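Participant: This is what each chain is made of:
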Amino acid sequence: MLDADFFRRWMTAAAVSVEHEAERLTALDSPIGDADHGSNLRRGFTAVVAALEKEAPDTPGAVLVLAGRQLISTVGGASGPLYGTLLRRTGKALGDAAEVSEAEFTAALRTGVDAVMTLGGAAPGDKTMIDALVPAVEALGESFEVARAAAEEGALATTPLQARKGRASYLGERSIGHQDPGATSAALLIAALAATADAPDTTGTAETHGTTGTMGTTGTTGDADV
Amino acid sequence: MKMLINVAETVVADALRGMAAAHPELTVDVENRVIVRRDAPVAGKVGLVSGGGSGHEPLHGGFVGPGMLSAACPGEVFTSPVPDQMVRAAAAVDSGAGVLFIVKNYTGDVLNFDMAAELAADEGIRIAKMLVNDDVAVTDSLYTAGRRGTGATLFVEKIAGAAAEEGQTLEQVEALARQVNENSRSFGVALSACTTPAKGSPTFDLPAGELELGVGIHGEPGRERRAMMTSGEIADFAVNAILEDLHPRNPVLLLVNGMGATPLLELYGFNAEVQRVLAERGVAVARTLVGNYVTSLDMAGASVTLCQIDEELLRLYDAPVRTPGLRWGM
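Protein sequence lines correspond, in order, to chains A and B. Numbered according to my numbering, the first sequence spans residues 7 to 232. Numbered according to my numbering, the second sequence spans residues 39 to 368.
The shape of chain B in the complex, shown without the other chains:
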């Protein structure tokens, strides 16, 4: 497997150095692995901190900036960051208004953010935590680690970010973040496995004529494997899996997300099919985002996320945002 890297050990640090060079509007602490918006802490503003394993770019570092995250902590590839990073990030963005940790439901992320919350609280920072768990491919029961956090993370970070930007309190921002999560569902499909730099070979074996339904964002296999399907058939499967669980009466935000190695030509075509299925099911789409936002290194495939919104959530979603990975209105 050929990769545009030096050595696996420095992949994350190298990427952060490049990110710093490309985005002088961010403060990138390569050594401690924290990405902070340049003007932090913003007086009176709630800080928003997220993070997770690297390999999902632009999530999360690419979503740092006015209108979205205050700071992000990138871990090793597909490995949760450590509490030290999160405490450092919280301290850098706290203006006294408190900090919200946005945590994707993966065991490592949950444990490290839990420890960080305790340590930050010891330092006198007011911390709230919320868990993103939108992936309907996982059965949410006592006998699993619970639904994974995937595409809805973008909607949570965008809407909570807008609320924080306009000066809402920690409690209000947290409540909005939870509301977005509770109204969001995702389903992912892989056409190929991804290759981590450390391993250098695909993380699972997916034969040429097959696809994996219900994958997560770390190349972990999904819940089912089938013979390759058409874009329309995949759209039917993914949307129906979501609508079995979410029955939106209001319009939805739609994210058609690429896993990293699927070109926009295919993603737009897939979006056409997803929109068709939603129309057939009577679901109105208020806004659509198509592109690589929550990726899985070089995995081919896509995920669909729906978020049921009301007027207030839509207003916050439409509010200006200026980050490397998402930018409109400013």
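If we strip away everything but chain A, and leave its shape as in the complex, we get:
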């Protein structure tokens, strides 16, 4: 079962990962966007971690709703509402249970991804974050690790696509040959999830203080009981 602490650690891991990868995300955003994806997400996830420390929500749903609201309030651009909606709607779908099963979380995340598709009007193949999120949620039934790999593969597979949504769509054929920054950051979010599932929960809420303790991305700790 997954509790509020698990989701807090996921958000913290995502924040650390975004911090590490901000320059790469911005570099990916430079040729087909406007070179700010990394800095915008960094601002958002920094606010998420601060808010989770301050308000300390005690259910999985409340953690994700709070995180989503922070992203909407701080990121701006398209990624703010889209990532904010992903987390908020996933959190709302989890309700107020103190713990949720992996299956319940998978179903909730699917609700969140559907909400993102509705909001942004994007479908798989449009060269957006959806190209990482949809395969990830499909694979989540198997394991977090398979979902991580599916998201990563989905992000890489955006390179030959022509963008149909967002600012990159203005480039038409010239968007081909560039990996989508949104799909890349979505894969980071799923990788942080897998790393959190993989890391032993030894520190409780202390993990919310921005340490890198949950950032191991290799499966060296064996299967955590999630």
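Just so you know, the hints here were simulated from the structure itself, not pulled from any lab data. The model shown is predicted, which means the values in this text are computed figures rather than measured ones. Glycine residues also receive a C-beta, built at the ideal position from the N, C-alpha and C atoms. Check each hint, because a few of them may be wrong.
The list that follows gives simulated cross-link-like pairs (lysine to aspartate or glutamate, EDC-like), each with its CA atoms no further than 20 Å apart [unchecked claim]: (1) Lys60(A) <-> Asp9(A); (2) Lys98(A) <-> Asp336(B); (3) Lys167(B) <-> Asp122(B); (4) Lys40(B) <-> Asp336(B); (5) Lys98(A) <-> Asp160(B).
To spell it out: a stretch of chain A is covered by chain B in this simulated footprint if at least three of its residues, at any positions, have a beta carbon under 8 Å from a beta carbon of chain B; those stretches are [stated by the list, open to error]: (6) 30-39; (7) 60-72.
Label-pair restraints from in silico Cβ distances [as the list claims (entries may be wrong)]: (8) Lys40(B) <-> Lys60(A): 33 to 41 Å; (9) Asp283(B) <-> Ser107(A): 53 to 61 Å; (10) Leu302(B) <-> Ile182(A): 37 to 45 Å.
Following the hints, complete the assembly by docking chain B onto the known chain A.
Facilitator: Below, chain B alone, put in the same frame as chain A:
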């Protein structure tokens, strides 16, 4: 790249502090990033709120004041503002007559204003939204994010602002704003890429001898790259691109807009060429505006916007306006 800044992180806040110092007739909330005309809310008047990424100055904060916007929300550089800013702005300017959100068609602006409209409605504010999408360089189809909102934003804000000022209803102001947008088209050209403070290097690589045709206002590349052309050749290309899509029977408003790093000497020369092409094509120009109004940081280049008008639109365009970036008649 040298810039007159402290650090990239505070560029927007620093600019707002300076704007507040220069324009005591505006209320500038630096912390929450909302610029409001000092006398808001004006009783019985529809509120006009716009906003978008910073870096396009004077758009939008420079267009706040009597006769134009009631409030503006500046986002981070080239990044849409967040719904909190827009809700705050709407609450500050709503007198009960409702608020019109003027939104440029960029995915981030659209999504954030959509969310803000819902939140403001929850607070009991009557909200209408209209989308500016005048850029003919983008194919408007299911397979793009649709035409971008660029230079026509100025005409929409000016004309809708005049209508609101004289007490027209939210429905009337919204209808006028839509009418202006539907009759407006723009096309932009870049001679150099711009440099965002956060990145510190040009957002795209444009060799010295080339220009980019059909650029947007965020330094996003255009639809075509060619060897450098003369001012006259660029005017032919830009005006023809617009007239392929807009066939004005009435006179037009003309905006010859600088992208930020092109001097007025060049812009006036370009305007002469644009006027020549319009005359050759039999398009009468009722009013002309030349200058840096919808900029893209330090990008060199220009955009052309035409807006077909009737007598009523011209009357509203000519109505008095007093803002930092546009001022006449008062």
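Participant: Next step is simple, just say for each hint if it's right about the structure.
Facilitator: Consistency of the hints with the structure:
1. Lys60(A) <-> Asp9(A): Satisfied, since the Cα-Cα distance of roughly 18 Å is no more than 20 Å.
2. Lys98(A) <-> Asp336(B): Violated, because 44 Å separates the two Cα atoms, which is more than 20 Å.
3. Lys167(B) <-> Asp122(B): holds (16 Å)
4. Lys40(B) <-> Asp336(B): holds (11 Å)
5. Lys98(A) <-> Asp160(B): With a Cα-Cα distance of about 19 Å, the restraint between Lys98(A) and Asp160(B) holds, given a limit of 20 Å.
6. 30-39: holds (count 4)
7. 60-72: violated (count 0)
8. Lys40(B) <-> Lys60(A): 33 to 41 Å: holds (39 Å)
9. Asp283(B) <-> Ser107(A): 53 to 61 Å: holds (55 Å)
10. Leu302(B) <-> Ile182(A): 37 to 45 Å: holds (39 Å)
Violated hints, in rising order: 2 and 7; the structure is consistent with all others.
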